[in-house]
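Colleague: Here is what each chain is made of, one letter per residue.
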Amino acid sequence: MNRRDFLKTTAIAAGAAAPVAAPFIRSAEAQSRAETLLVVTESGPNNVDIHGVGTNRPGYEVSWNCYDRLFTHGKKTLPDGTDSYDRDKYEPELAESWDIGPNSATFKLRKNAKFHDGTPITAKDVKWSFDRAVSVGGFPTFQMKAGSLEKPEQFVAVDDSTFRVDFIRKDALTIPDLGVIVPCVFNSGLVKKNATEKDPWGLEYTKQNTAGGGAFKMTKWTPGTEVVYERNEDWKSGPVPKLKRVIWRMVPSAGNRRALLERGDCDISFDLPNKDFAELRAAGKVKVAATPVGNGIGYIGMNVNKAPFDNVKVRQAVAYAIPYQKIMDAVLFGMGNPLHGGSSNMAAEVAWPQKHGYTTDLVKAKQLLTEAGYPNGFETTLSFDLGFAVLNEPMCILVQESLGQIGIRTTINKVPGSNWRAELLKKEMPLISNFFSGWLDYPEYFFFWCYHGQNAVFNTMSYQSKEMDALIDAARVAAAEGNKAAYEKDVKAFVTKAFEEVPRIPVFQPYLCVAMQPNVSGYRYWFHRQLDYRTLSKA
Amino acid sequence: MLRQIGKRLATAIPSLIGVVVVTFLLTRVLPGDTAAYFAGPAATPQAIAEIRAKLGLDRSLPEQFVSYVKDLATGNLGNSLSTGRPVVTEIKARLPASAELTFLGLFLAIAIAVPLGILAAVKQGSIIDHACRMVATAGVSLPVFFTGLLLVYVFYFLLGWAPAPLGRLDAFSSAPPEVTGFYLIDSLLARDLETFRASLAQLAVPAITMAVFSLAPIARMTRASMLAALASEFVRTAKASGLTPTTVIIRYAFRNALLPVVTTLGMVFSFLLGANVLVEKVFAWPGIGSYAIEALIASDFAPVQGFVLTMAIMYVALNLLIDMLYGVIDPRVRMEG
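Protein chains in written order, with our numbering: chain F, 1 to 539; chain L, 1001 to 1337.
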């Protein structure tokens, strides 16, 4: 090619490209839009199998909607008029009926239920799926264990439509644990066909394909971009969903998600900053449902193994120096329940979370600090997870400022999200701001993970107390035996102890907020904090 | 010419090896524990150790490096943990999205900046010259994500002219059958004008954002090199010979001023690839930039390594292309090995 030719061809190409103006053709897509739900969130699934390695929360949503469980939960209406799952009411899903005995539970499966590929669902599939959950290790196995579901021998396929779970010990959480996301039913034939010697449970296959019989089928998944579902017209395990199609798009910018909502270009969105939810709610153009997260608290935790936080007076001083109300107003914008200002540190009810007796009282805080031997305060580091900076950062700044007034000088340490868990595991950070919630909404469940001397990751304070352990264990036993009086006494006792010794200071119970167009109805809060498309509809 | 290209490519090999080594080491030095992250919130130390072994992160660095290089040799860039798919597949799927956006942005920038620069040089000190200076200053000083958000706010939220910033196509259109991966081209090939219109509409605002960012250096460089060319003796001679102003400006001055402009274009293109990361975040664009950022946040090594390697190869290719262009545009420049 010579110079002249090159220049000439470039000029011609540029000239030709310019006038390609697109003729406008209008599409007639309006019809399908009415039966299609457009969901936008910040991030999408990394794995659509809850049994997979490191499946993230959006992945739970796919699993919840595309797989069946033995039973599901009923609904209750909360005082503010929004719907929530009912912790205490179980309703049939794959199992039509069940019978819970002292040593085992027997489930009668629906005879006409089929997987997405048309194979009938049998008790063998259920057994295979539960065996898989307790065998693959990691999160699913851990979650099954929380309900004393530990060995494949516990699961018995009596005949094609009868399935039995044998209990290895009395545990009040066994049945609730069968209703969470993990014990879902896989198409064992299909998965086995795609399993390899190295991967006997077929995790590689289910990572990217759904192999279930749930209300929705995942028809397309472009990681980081979108997930598309179609309704399973043959779904027998519940009323057929009203939505024909669900399109779930990932929109990383929170500002744009809000713009999409306000312009009416998307139907429903989670995870906006609280400020946006508060403003959207005030403006009234879109519906905002805000439900307190069950068994969840935002807290300030102190490492009790290290001076000065090994001194209970210092911890109480910090608890009196937290600017609770300011945090409720300026950080949560009212999207949470305050947990301060109870009448005393004696547990008032058999519930968790509940209010403790601390308030913002700097004089008292200073006095406690002096009694503890730190009249001039001390220096420490306040760490938080940058992955949740929207909440954590302003909160930590308020805490830093307030602690400064009683002489505790804090440096703020921002830990990248990818590093947060590793740091938590080391249990070396002296002072942290963190959040924890448990799927199973029972006080002893929360305390078992967060206060028990077994020292799980979530006992971020490394709190150890024989008395506390005894109370928690006793409550679990009392629950399993159905001894209500003993249970209530134990729960109140461990809550009171947690408040008095205050290794973690409960600051707020956050709301799970979701904003949707006025024509979207049927939203229901679930313990897993993801969307259930089955109940949603669009007018 | 082929031999020259071959020579050029040979010199690129050491830099690519360097990139492979450095990215491998850098991703290992990054804070963050991949195994702890992917073990999930409820992990016990044993569970984390199991995952670490599964991911091969418990082996020594040299061992990990050897297996990484072995995989590379077979074209395997590893698996992404955050999307669960092979990195090669992801990059193949996402590169066209980024490239389409970058090319269109660059094309827009050239279409505006080059004429603007020429006019500013010809009419030095005029309103156009001041306008050129203003555009350049504004373009350089506005951070690209800010321009993006501002344009979305004005054209989508307030005016409603632009479609929702939902990526390459709105939620209810489907992608054209893949030939090149460029939706504009693929939809035309499929004679699907509606998809063409839809994807052009989605592209418009992000491409303008990119163009605003890259206008400045191109316009400034065009103006400066045009000024130099206009002041030279052959232009004076051409003018004195009574040639029309258009002939003088375009044929004599501009052609000679083209070389530094092309050099700038190369630089701007590489800036744009970087700026992509932010623009893609704002517009939910499924490109490689946003992919790399997400991977980085999750300390997911394989995609980060794959991204840097792809970028390095693209730079090498781009530089080669520009060097070849020099030779074509200006016969005085000849490629040296």
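Heads up, a few of these hints could be off.
Claimed, not checked - The calculated SDA-like cross-link candidates involving lysine to any residue, where the alpha carbons are at most 20 Å apart (straight line), are:
#1 F/Lys145 - F/Lys111
#2 F/Lys124 - F/Asp171
#3 F/Lys313 - F/Lys236
#4 F/Lys151 - F/Val136
#5 L/Lys1054 - F/Pro92
#6 L/Lys1092 - F/Lys236
#7 F/Lys217 - L/Phe1172
#8 F/Lys414 - L/Ala1049
#9 F/Lys198 - L/Arg1085
#10 L/Lys1281 - F/Lys538
#11 F/Lys414 - L/Ile1297
#12 F/Lys236 - F/Pro416
#13 F/Lys145 - F/Ile175
#14 F/Lys538 - L/Phe1172
#15 F/Lys427 - L/Ala1049
#16 F/Lys497 - F/Ser344
#17 L/Lys1281 - F/Lys236
#18 F/Lys285 - L/Leu1159
#19 L/Lys1054 - F/Tyr205
#20 L/Lys1054 - F/Lys124
#21 F/Lys220 - L/Gly1160
#22 L/Lys1281 - F/Pro416
Unchecked claim - Derived list of chain F stretches under chain L, where covered just means 3 residues or more per stretch with a C-beta under 8 Å from a C-beta of chain L:
#23 109 to 119
#24 132 to 143
#25 261 to 268
#26 332 to 338
#27 418 to 426
Everything labelled a hint here was simulated from the structure, so no lab data went into it.
Predicted, not measured: the structure shown is a model, and the values here were computed from it.
We put the CB at the ideal spot given by N, CA and C, even for glycine.
Colleague: Does each hint fit the structure? Answer for all of them.
Modeller: Now for the hints, and whether the structure bears them out:
1. F/Lys145 - F/Lys111: Cα-Cα ~29 Å, so violated.
2. F/Lys124 - F/Asp171: Given pair lysine 124 of chain F, aspartate 171 of chain F is violated - Cα atoms ~25 Å apart, limit 20 Å.
3. F/Lys313 - F/Lys236: Status violated; Cα separation ~59 Å.
4. F/Lys151 - F/Val136: Given that 20 Å is the threshold and the Cα spacing comes to 12 Å, the pair holds.
5. L/Lys1054 - F/Pro92: violated, 38 Å
6. L/Lys1092 - F/Lys236: Measuring from Cα to Cα gives roughly 40 Å; hence the hint is violated.
7. F/Lys217 - L/Phe1172: holds, 18 Å
8. F/Lys414 - L/Ala1049: The given pair, whose Cα atoms are some 25 Å apart, is violated under the 20 Å limit.
9. F/Lys198 - L/Arg1085: holds, 18 Å
10. L/Lys1281 - F/Lys538: violated, 29 Å
11. F/Lys414 - L/Ile1297: holds, 14 Å
12. F/Lys236 - F/Pro416: It is violated: about 45 Å lies between the C-alpha atoms, which goes past 20 Å.
13. F/Lys145 - F/Ile175: holds, 12 Å
14. F/Lys538 - L/Phe1172: Holds - the C-alpha atoms of phenylalanine 1172 of chain L and lysine 538 of chain F are around 16 Å apart, at most 20 Å.
15. F/Lys427 - L/Ala1049: holds, 17 Å
16. F/Lys497 - F/Ser344: holds, 12 Å
17. L/Lys1281 - F/Lys236: violated, 41 Å
18. F/Lys285 - L/Leu1159: With Cα atoms ~18 Å apart, lysine 285 of chain F and leucine 1159 of chain L stay inside 20 Å; holds.
19. L/Lys1054 - F/Tyr205: Holds. Lysine 1054 of chain L to tyrosine 205 of chain F sits at ~17 Å (cutoff 20 Å).
20. L/Lys1054 - F/Lys124: Violated: lysine 1054 of chain L and lysine 124 of chain F sit about 29 Å apart, past 20 Å.
21. F/Lys220 - L/Gly1160: Between lysine 220 of chain F and glycine 1160 of chain L the Cα gap is close to 29 Å, so the pair fails against 20 Å, i.e. violated.
22. L/Lys1281 - F/Pro416: Roughly 19 Å separates the two Cα atoms, so the pair holds.
23. 109 to 119: violated (count 0)
24. 132 to 143: holds (count 5)
25. 261 to 268: Coverage by chain L holds for the stretch 261 to 268 of chain F (4 residues, Cβ < 8 Å).
26. 332 to 338: Check failed, 0 qualifying residues.
27. 418 to 426: Per the Cβ count (5), the hint holds.
Against the hints set out earlier in the document, violations occur for numbers 1, 2, 3, 5, 6, 8, 10, 12, 17, 20, 21, 23 and 26.
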